[in-house]
Amino acid sequence: MSIRDDLMALVRGDRGADRVVPRSGQSARLTFATSAAMAFLAVFAMALSMAAGRLADRWSDALAQSSTIRISAPPAEMESQTWAVLTVLEQTPGVDSARALSDEDQQALLAPWFGPDLPLEDLPVPRLIEITETRQGYDADGLRQRLAAEAPGAVLDDHNRWRRPLAEAAGRLRLLGWLALILILGATGAMVTLAAQSALSANEQVIRVMRLVGARDSYIAGAFVRRFTIRALTGATVGVAVGLAAVAILPSARDTAAILTGLSFSGAGWLWPLIIPPLAAATAYAATRIAAFRTLKGLQ
Amino acid sequence: MIEMQDAAYGYGTEPLLSDLTLQLAPGSFHFLTGPSGAGKTTFLKLCYAELLPTGGSISLFGQTARGLSRDGIADIRQKIGVVHQDCRFLDHLPVSENIALPLSVTGKGGLAQDANLSELIGWVGLSARAEALPPELSGGERQRAALARAIIMDPELILADEPTGNVDWEMSLRLLNLLVELNKLGKTVVIATHDLALIRAAKQRVQARVLRIGGGRIMAAGADL
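In order, the protein sequences belong to chains A and B. Numbering follows this note's numbering, in which position 24 of the first sequence is assigned residue number 87; successive positions increment by one, without gaps. Numbering follows this note's numbering, in which position 86 of the second sequence is assigned residue number 122; successive positions increment by one, without gaps.
Treat the hints with care, as some may be off.
[Stated by the list, open to error] Lysine-lysine pairs mimicking DSS-like chemistry, simulated, CA-CA at most 30 Å apart: (1) A:360 / B:115; (2) B:220 / B:239; (3) B:144 / B:81; (4) B:144 / B:220; (5) B:239 / B:81; (6) A:360 / B:220; (7) B:220 / B:115; (8) B:115 / B:144; (9) A:360 / B:144.
If you are wondering where the hints come from, they were derived from the structure by calculation, not from laboratory data. From a predicted model like this one, the values you see are computed outputs, not experimental measurements.
Whenever a hint applies, use it, and build me the whole structure from the sequences.
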């Protein structure tokens, strides 16, 4: 029997074959419980991965296409260096707009640390210039060289040193989430294999009788494969349902959100966990089929 | 149907059976006799490819036994009905489902078979016990159920290993009569037994060939049987 026939039989079911193999309580419970637990964990791994992805996108979007120039100069030169920088920026390809932050803007930025009554004019606070880049961006090295020539007190911060490690960390976290999913599937396959082997060994006498009356190995394997696939599918469905409920009741993300409070799905992302039960069933199908044929081959 | 040419079978270096050369022709009736442990069951197992010869060759329905794949063996067994001494039932299924098992596992079960199944269960006298579980049956009932299971696929060959080993004389004759009836329908029958009285009783009903296994070899039995 080919895998295609096997799958068709899986969908159609075979009441006779299902009855021939006795229901073994322990392996049934083990497969169901393992699939449910693994699916539950898989939902969280998926939520982690997606949350990390959103975080990476958010950090990238927030910092992308913007940069800052900080001008530290004596008060007498501050104005002239600011104009020089703005002039350079006007002539720089890839710069969409540039704006020197006003004293009020800078005071608002510093207020969280120094309070609202900060005497900005008495402090050597550098002047900040906010740059918005075009989609293509500008040549940061070239701009640095021109700034060094025109305004020696200007320092360009294109946010790369902040953005890159954050985006990389979030990207790795996302990767870890998917890796965890793969490991969970692998562990599910291993557990189902053990349960299937245990069931096959426990039913050695049944297998001998079936062979005696002319059953082909594909028929015998099919009876076990169908049973374990359905158990894995049912267990994983329950696990996903519980996992989604658990994710749904987690605290929601706020402005101060860290990765933990953002651990959830958003929009169509809530549909992604629905692929876990079919994946668990496919894993169980493959694991049981391999285990069954290997065991049957070993039985004379 | 089954042809053996210098066939041998043994564990390790010592052959249990050797120099087996014979043919089981269609429609023939054979008794296989010999002391316990002589190799009667092993001979039957060679006939349905539960064991493969370690020497010589055995041809089953025109195919070399040693060249058969797993599926090939399954196909051969669909042409052979086997009645084991210990019957080998699935104890969690009722008698009727055990009898219908060959149909189920070969995909030939279905509503159309139900009438034939009931008829067969009636023929072996188990209508009242059809829904009982195998452990609830007496020795004779188990043997009759095993016989019904062996013939439900309308096999060409019936192999019975000590089918009267656990039953009284009356039941032995009843089982023998069922096997003789099947032979008259054209089935080839091989019965392994050490019950000489049964063989004598059979010879009054059917033309049977008696084979004796002894010393690891098989030979035609003497006229005293």
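A quick look at each hint next to the structure:
no.: 1; hint: A:360 / B:115; verdict: 22 Å, holds
no.: 2; hint: B:220 / B:239; verdict: 14 Å, holds
no.: 3; hint: B:144 / B:81; verdict: 25 Å, holds
no.: 4; hint: B:144 / B:220; verdict: 25 Å, holds
no.: 5; hint: B:239 / B:81; verdict: 25 Å, holds
no.: 6; hint: A:360 / B:220; verdict: 39 Å, violated
no.: 7; hint: B:220 / B:115; verdict: 17 Å, holds
no.: 8; hint: B:115 / B:144; verdict: 14 Å, holds
no.: 9; hint: A:360 / B:144; verdict: 25 Å, holds
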